[in-house]
Amino acid sequence: MSVQDLSQLGAGFSHEGFGSQAVFRVALDALSHPGRCMLVLHDAQTPLAGQPAAAALLLALLDSDCTLWLSPSLAGSDAASWLRFHTGCQLVEQADQAMFVWVAAGDEMPALDSFSQGSDNEPDQSATCVLDVAQMGVGTDSQKHWLLTGPGIQDVTHLAVDGLPADFQSQWAANHASFPRGVDLFLATQNQLVGLPRTTSIQLSGGL
Amino acid sequence: MFHSFDNVEATQPIARADWMALLSRAPLDLLESAVGTHWPAKPNWLRAPETGLMMVQGRAGATGERFNLGEVTVSRCALRLSLATPEVGVVGVAYALGRSHRQVSLAAVADALLQDPTQKNLLEQTLLTPVRLHLAQQRSQREQAAQSTKVEFFTVAREAGAPDEDGEEV
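Quick mapping for you: the protein sequence lines, in order, are chains A and B. Counting in the numbering used here, the first sequence runs from 4 upward without gaps. Counting in the numbering used here, the second sequence runs from 232 upward without gaps.
Heads up, a few of these hints could be off.
Stated by the list, open to error - In silico EDC-like links for lysine to aspartate or glutamate, alpha-carbon gap of 20 angstroms or less:
(1) Lys273/B <-> Glu263/B
(2) Lys273/B <-> Asp165/A
(3) Lys273/B <-> Glu383/B
(4) Lys351/B <-> Glu281/B
(5) Lys147/A <-> Asp165/A
(6) Lys273/B <-> Glu19/A
Unchecked claim - Estimated spans, in silico, between C-beta atoms of each pair:
(7) Asp68/A <-> Arg373/B: 52 to 58 angstroms
(8) Leu353/B <-> Ala114/A: 36 to 42 angstroms
(9) Glu281/B <-> Ser117/A: 46 to 52 angstroms
(10) Gln100/A <-> Thr304/B: 45 to 51 angstroms
(11) Asn352/B <-> Ser10/A: 53 to 59 angstroms
(12) Pro361/B <-> Gln97/A: 46 to 52 angstroms
(13) Gly91/A <-> Pro274/B: 54 to 60 angstroms
(14) Glu281/B <-> Ala114/A: 36 to 42 angstroms
Since the hints were derived computationally from the structure, they do not count as laboratory data. Small disclaimer: the values here were computed from a predicted structure and weren't measured. Every residue gets a Cβ at the ideal spot worked out from N, C-alpha and C, and that includes glycine.
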């Protein structure tokens, strides 16, 4: 274990149990209502790098048995030492070995199929990806946005996301098609979280 | 339990790892008298005091294969202390055997204070030296207790020239 510089480190949840349970509840709601923007309320002093909602989510989910891959701009930042200190998770160099993946907004997202996909017998062994995005919200008719359908969605959910790679939709279609394998996704902004389980299918709406 | 650097000369500057090792074995009353007054009104926890189990490993004769000796109860904490010199504040970390949260919190405060050059000399006298003394005492008591059970083995030398019991020549 390397020696960390703790002088700039922020605190975790003021109450470890209640704090992580509250965020876990939000994550659960986000995955059971794909595409719905969830507000993440927490009192952790999140690191400067990365989106705070993503940091809080990982703080709640990770423990010392988890492996985490961080995109280049996060790997050397205070976010890495913050998560290492508070959760004890293991940072890995190879994205395909990680159970959790966190990609910062400016970094290039590795292809979704390069992450751990699980197997047909153990689809739960696939990676959970947290992607930082610039902003997201309920799509309006005047802009191009996603129409989401699938389990957990009554009719259709509208979602507009800003800050994903151009070919994301085709990658997601492949991810969706490989069910039961495939990764589950969380999109995070400053204080919002959107869950995209592998069962959700994305169509593009017209816009003007 | 005891380390070679416990008896280090006071003239030598002490490294952080060494004083942390001393603090983790410092009894509560010594910590309370030395740093009890520095206890912040509202501690800024990075990691609030928590108690858990840790696996202790040993080596037979200190050289053999490593094996799991057993689990011990350990408390740990980390806090940030606002000091005059570094503006960001320094972080004190402490681990100690047992379940005393007060003990481990005060040890973390002492660790933070020892990183401040202006406080270090004073604490060296009021805390580290007494802790070394306490550990030396503990050690000598333990050695005495062990000494009383010492058994001396010796063999009586055979008379020269006597044949071996098996009849072989030695």
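Hint by hint, here is what the structure shows:
1. Lys273/B <-> Glu263/B: At roughly 17 angstroms apart (the allowed maximum being 20 angstroms), Glu263/B and Lys273/B satisfy the hint.
2. Lys273/B <-> Asp165/A: violated (41 angstroms)
3. Lys273/B <-> Glu383/B: Cα-Cα ~58 angstroms, so violated.
4. Lys351/B <-> Glu281/B: violated (27 angstroms)
5. Lys147/A <-> Asp165/A: holds (10 angstroms)
6. Lys273/B <-> Glu19/A: Holds. Lys273/B to Glu19/A sits at ~18 angstroms (cutoff 20 angstroms).
7. Asp68/A <-> Arg373/B: 52 to 58 angstroms: violated (39 angstroms)
8. Leu353/B <-> Ala114/A: 36 to 42 angstroms: violated (59 angstroms)
9. Glu281/B <-> Ser117/A: 46 to 52 angstroms: violated (37 angstroms)
10. Gln100/A <-> Thr304/B: 45 to 51 angstroms: violated (34 angstroms)
11. Asn352/B <-> Ser10/A: 53 to 59 angstroms: violated (22 angstroms)
12. Pro361/B <-> Gln97/A: 46 to 52 angstroms: Since the Cβ atoms of Pro361/B and Gln97/A sit about 51 angstroms apart, the hinted range of 46 to 52 angstroms holds.
13. Gly91/A <-> Pro274/B: 54 to 60 angstroms: violated (22 angstroms)
14. Glu281/B <-> Ala114/A: 36 to 42 angstroms: This hint holds: roughly 40 angstroms between Cβ atoms.
In terms of the numbered hints stated before, the structure departs from hints 2, 3, 4, 7, 8, 9, 10, 11 and 13, listed from lowest to highest.
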